[in-house]
Every structure is written in C-alpha cells, then in structure tokens.
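Use these hints to put chain B onto chain A, whose structure you have.
Number of protein chains: 2
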Amino acid sequence: MARSSKRRGPLRHPAATEIDLLDVLHALSDPTRITIVRTLLADPERACGTFPVEVAPSTLSHHFKVLREAGVIHQREEANRRLTTLRQAELENRFPGVLTSIVDAYVAQQG
Amino acid sequence: MARSSKRRGPLRHPAATEIDLLDVLHALSDPTRITIVRTLLADPERACGTFPVEVAPSTLSHHFKVLREAGVIHQREEANRRLTTLRQAELENRFPGVLTSIVDAYVAQQG
Numbered sequence: 001m002a003r004s005s006k007r008r009g010p011l012r013h014p015a016a017t018e019i020d021l022l023d024v025l026h027a028l029s030d031p032t033r034i035t036i037v038r039t040l041l042a043d044p045e046r047a048c049g050t051f052p053v054e055v056a057p058s059t060l061s062h063h064f065k066v067l068r069e070a071g072v073i074h075q076r077e078e079a080n081r082r083l084t085t086l087r088q089a090e091l092e093n094r095f096p097g098v099l100t101s102i103v104d105a106y107v108a109q110q111g
Numbered sequence: 001m002a003r004s005s006k007r008r009g010p011l012r013h014p015a016a017t018e019i020d021l022l023d024v025l026h027a028l029s030d031p032t033r034i035t036i037v038r039t040l041l042a043d044p045e046r047a048c049g050t051f052p053v054e055v056a057p058s059t060l061s062h063h064f065k066v067l068r069e070a071g072v073i074h075q076r077e078e079a080n081r082r083l084t085t086l087r088q089a090e091l092e093n094r095f096p097g098v099l100t101s102i103v104d105a106y107v108a109q110q111g
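From first to last, the protein sequence lines are chains A and B.
Counting in the UniProt record's numbering, the first sequence runs from 1 upward without gaps.
Counting in the UniProt record's numbering, the second sequence runs from 1 upward without gaps.
Bound-form chain A, shown alone (with noise of 0.2 Å):
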C-alpha cells in the first residue's frame, strides 16, 4: 500500500443535518481556517496547495481537517491531487446569514 494512501484514510464529511453551529465557529475562529474559507467564497474549487496561507503541509492538512470534519469544506481526491470546496449552500440553509456575515467582518477587520 502506497504511503499516501495509508495516511489518508477515507475523507469523513458529516451529514448537512449533523453540522453543529459550534463546531463551524471554532473551525472559523483561526485565521489560517479563515482565510481558507475567504479564499473559497471567491473561487469555489482549489487544491490544497494553491491557497495564499502560509504554513507547513502538515499543519495545513490539520486546518482541512477540522474544517472538514466541522462541515464547512468538502475535499475530494481527483488523479494526484485533493480539491477542495465550500458547503456554502448546506451552511446558509442550516445557519442563515452565519457564514457571509463572519467572513464580511473579517475582510472589513483586515483591510
């Protein structure tokens, strides 16, 4: 078994109705998460290498992984690459408002 493959293991995304509101505020409390979510809203599909964060490889998979397990992106594998996606509909219909108005004020709070 390929190294890669053993490490990762299948990708767990809860279901939309299992997406708890506490678990999306401590997912957008960091400001790497944050940005990557930033990133997201204005450009649906990346790969995971092509966000403007910087931090190590490990440390980045950490952040995808608590913002996956939270609900808040969705990542899929595709030949050697994992992309990544907002649930941004899921999110606005289970917590109207919640997502865009978190990310407006940090854009306004960055400058």
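Hints are supplied without guarantee of correctness; some may be wrong.
To be verified - Heads up, incomplete: computed chain A residues facing chain B, CB under 7 Å, no partners named:
#  : residue
1  : 22
2  : 25
3  : 28
4  : 29
5  : 48
6  : 95
7  : 97
8  : 101
9  : 102
10 : 105
Hints were generated in silico from the structure; no laboratory data involved.
Glycine included, C-beta positions come from ideal geometry on N, C-alpha and C.
Below, chain B without anything else, positioned relative to chain A:
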C-alpha cells in the same frame, strides 16, 4: 486583603476597536458561553449566579473571563454582586449581523 479581591484583580475589557473577530468566534464556540450570550440578549443585565448553566463556579468564572477578554461581555462590581451585560451595540457596530445571526442559528439548532 480579602481573598476575593486578591483573587479577582481588576477586570480587563478591550476597547471596542481592539475587539478581534476570531476571539469573538472562539468565545462563542462553547455551549456554556453561547448560552450566557443568548441569555443576555433576552435580559440585558444579570448577576453571575443567575444564568441557566450547570457548571462549577470556577468553570463559570473561566467562561466569563473568556467572554470578557474577547470583548463580548462587560462586567462590573456592585456591592457584593458582579453584574454582566452584553456589548451588543459595540459588536453590531464592528461586526454587523454576526452576533445576531449566530445566536439565531444556535436557538434554531437547539430547538
């Protein structure tokens, strides 16, 4: 010096312009803390022991400290009570729609 005044020290509150959105999100990402905020939205000023949460007093003090240092609540001493208010107007001014959309979503989620 009385033990209580030694232990408590002065209460620190960030200025409105110093409130950081990510600290606010972290502060709200806990069930006890968001219950405190939800209670204050309905009832503007309460004494510390009157919130509908079931945690030990030392744990509750920690949760108030996290909320206070994030800029979510204001606390003042009056006689033998510590009175807590929500910094709702300042938060709404700085992060429009964030607090209310989060609390509305939490109320809807909890039913």
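Now the hints, each set against the structure:
1. For residue 22 of chain A, the interface hint holds, since its Cβ comes within 7 Å of a Cβ in chain B; the closest pair sits about 5 Å apart.
2. Restraint check, residue 25 of chain A versus chain B: the minimum CB separation of about 4 Å is within 7 Å; hint holds.
3. Annotation: interface hint on residue 28 of chain A holds; nearest CB of chain B at approximately 5 Å, less than 7 Å.
4. For residue 29 of chain A, the interface hint holds, since its Cβ comes within 7 Å of a Cβ in chain B; the closest pair sits about 4 Å apart.
5. Of the supplied interface hints, the one on residue 48 of chain A is violated, with its beta-carbon coming no nearer than about 22 Å to a beta-carbon of chain B, more than 7 Å.
6. Interface restraint check: residue 95 of chain A against chain B, minimum CB-CB distance 4 Å, threshold 7 Å, status holds.
7. Checking residue 97 of chain A against chain B: minimum C-beta separation of about 4 Å stays under 7 Å; hint holds.
8. The interface hint given for residue 101 of chain A holds, since its Cβ lies 4 Å from the closest Cβ of chain B, which is under the 7 Å cut-off.
9. Interface restraint check: residue 102 of chain A against chain B, minimum CB-CB distance 6 Å, threshold 7 Å, status holds.
10. Contact between residue 105 of chain A and chain B, as hinted, is supported at the beta carbon level, the nearest pair being about 4 Å apart and thus within 7 Å.
Consistency with the previously given hints fails for number 5 only.
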